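Student: One letter stands for each residue in the lines below.
Number of protein chains: 2
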Amino acid sequence: MKNKLSNENVLYPTPTVLVGATVNGKPNFITIAHIGIMTHNHISMSMGKTHYTNPGIKENKTYSVNIPSESLVTETDYVGLVTGNKVDKSKLFDLFYGELKTAPMIKKCPVNMECRLERIIDFPNHDVFVGEIIATYADDLVLTSGKVDISKIKPLLFDMPLKKYWSLGSAIADCWNIGKKLKSK
Amino acid sequence: MKNKLSNENVLYPTPTVLVGATVNGKPNFITIAHIGIMTHNHISMSMGKTHYTNPGIKENKTYSVNIPSESLVTETDYVGLVTGNKVDKSKLFDLFYGELKTAPMIKKCPVNMECRLERIIDFPNHDVFVGEIIATYADDLVLTSGKVDISKIKPLLFDMPLKKYWSLGSAIADCWNIGKKLKSK
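For the record, the sequence lines run as chains A and B. The numbering of the first sequence is our numbering, which starts it at 378 and goes up by one. The numbering of the second sequence is our numbering, which starts it at 378 and goes up by one.
In short, the hints are calculated from the structure, not lab data. Since this is a predicted model, take the numbers as computed values, not measurements. It cannot be assumed that every hint is accurate.
[As the list claims (entries may be wrong)] With a straight-line Cα cutoff of 20 Å, these simulated PhoX-like cross-link-like pairs (lysine-lysine) come out:
hint	chain 1	residue 1	chain 2	residue 2
1	A	379	B	529
2	B	381	A	529
3	A	379	B	524
4	A	529	A	484
5	B	478	A	381
6	A	531	A	485
7	B	381	B	463
8	B	379	A	529
9	B	524	A	381
10	A	558	B	463
11	B	379	A	531
12	A	381	B	558
13	B	531	A	531
14	A	529	A	485
15	B	557	A	468
16	A	524	A	403
17	A	403	A	529
18	B	484	A	381
19	B	381	A	485
20	A	484	A	531
21	A	540	B	558
22	B	524	B	485
23	A	426	A	438
24	A	468	A	478
25	B	468	B	403
26	A	540	B	478
27	A	468	A	484
28	A	485	A	540
29	A	540	B	557
30	A	463	A	403
From just these sequences and the hints, can you work out the full model?
Tutor: Here's what the structure looks like:
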């Protein structure tokens, strides 16, 4: 039996990320899970327009996307609870920089992408920043045969309806493969 | 030790969905996992420009987003393997319609969103369709106290680097809560 539920968004879970930017000359971080994938090297981050980070991204046209593991759940949630306008988040993490000099990345996050701002999709209350991925960094510990292994990253999966972080479960099947058995029908 | 990996996208996993549209007067479905969340009621679907479904969405300005459970993994993968240009996918599923008359929804998927096309974000090889969610439908079986419970949906989580579908694991913590313990520092 189907229930009609107004216009609730149920497109979850999404990976929770820490977005790094230079704001007022200092590294700052914001927790985002309203992300998107647009092409193989363009990704989006939706941020309410009142956030402290938005002007820094607009000024420098760069940011980083850092994927925290389950072990960073407390720090990740904390970053989303306090604004850079009141709390200096520049010393929370050990940082490194790549090709872009204004996209601070978090060493403790097992994978990091540095992005150049490609465009902004404008909504009344949200800036959706679209970034071109310039370079990706991954810890040895999350690679399997040179590929990024999501089961080793252990990302924090965000769910808005229940307001929870979830873990990744087990592999179910190979994509572009298991469906082949219906092709003969 | 960090490894630099060109510009690989590692923003995974994302929920795998079946997008429904009316194409050439008939229901058609496409499997998409390059999704996005832009506002609380705007979501995006990235589709390569050569897909059979794109002209149908542009013509009718409507589509549905259906979230399959793990039990539908074979059908979901199959829909992504064959094009509506060659295979009639209109009879694959039992369908229902909501407010929009050209957004076919799949009964067997536990949650469904009907969307009105709000804008298209143009890339050289991809149309990123942004939809406003008009109404959401959920099976009794996936509700907990009236809320959509992702652990009952059992979504198929997509991972591009390893080309796998993954299950959802267990709840780790409450969002906007576990980080409070760092506030006193």
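Student: Hint by hint, note whether the structure agrees.
Tutor: A quick look at each hint next to the structure:
1. A:379 / B:529: With Cα atoms ~15 Å apart, residue 379 of chain A and residue 529 of chain B stay inside 20 Å; holds.
2. B:381 / A:529: 17 Å, holds
3. A:379 / B:524: Roughly 13 Å separates the two Cα atoms, so the pair holds.
4. A:529 / A:484: With Cα atoms ~16 Å apart, residue 529 of chain A and residue 484 of chain A stay inside 20 Å; holds.
5. B:478 / A:381: 16 Å, holds
6. A:531 / A:485: Distance ~13 Å between residue 531 of chain A and residue 485 of chain A Cα, so the pair holds.
7. B:381 / B:463: Outside the cut-off at roughly 41 Å; violated.
8. B:379 / A:529: With Cα atoms ~15 Å apart, residue 379 of chain B and residue 529 of chain A stay inside 20 Å; holds.
9. B:524 / A:381: With Cα atoms ~12 Å apart, residue 524 of chain B and residue 381 of chain A stay inside 20 Å; holds.
10. A:558 / B:463: Between residue 558 of chain A and residue 463 of chain B the Cα gap is close to 17 Å, so the pair holds against 20 Å.
11. B:379 / A:531: 17 Å, holds
12. A:381 / B:558: Violated, at about 38 Å.
13. B:531 / A:531: Between residue 531 of chain B and residue 531 of chain A the Cα gap is close to 18 Å, so the pair holds against 20 Å.
14. A:529 / A:485: Roughly 14 Å separates the two Cα atoms, so the pair holds.
15. B:557 / A:468: 18 Å, holds
16. A:524 / A:403: 33 Å, violated
17. A:403 / A:529: It is violated: about 31 Å lies between the C-alpha atoms, which goes past 20 Å.
18. B:484 / A:381: Answer holds: residue 484 of chain B to residue 381 of chain A is near 13 Å, not above 20 Å.
19. B:381 / A:485: Holds, because 15 Å separates the two Cα atoms, which is no more than 20 Å.
20. A:484 / A:531: Holds - the C-alpha atoms of residue 531 of chain A and residue 484 of chain A are around 16 Å apart, at most 20 Å.
21. A:540 / B:558: Holds: residue 540 of chain A and residue 558 of chain B sit about 17 Å apart, inside 20 Å.
22. B:524 / B:485: 19 Å, holds
23. A:426 / A:438: Distance of about 16 Å is within 20 Å: holds.
24. A:468 / A:478: 17 Å, holds
25. B:468 / B:403: Holds, because 10 Å separates the two Cα atoms, which is no more than 20 Å.
26. A:540 / B:478: Distance ~33 Å between residue 540 of chain A and residue 478 of chain B Cα, so the pair is violated.
27. A:468 / A:484: Roughly 12 Å separates the two Cα atoms, so the pair holds.
28. A:485 / A:540: 24 Å, violated
29. A:540 / B:557: With Cα atoms ~15 Å apart, residue 540 of chain A and residue 557 of chain B stay inside 20 Å; holds.
30. A:463 / A:403: Holds. Residue 463 of chain A to residue 403 of chain A sits at ~13 Å (cutoff 20 Å).
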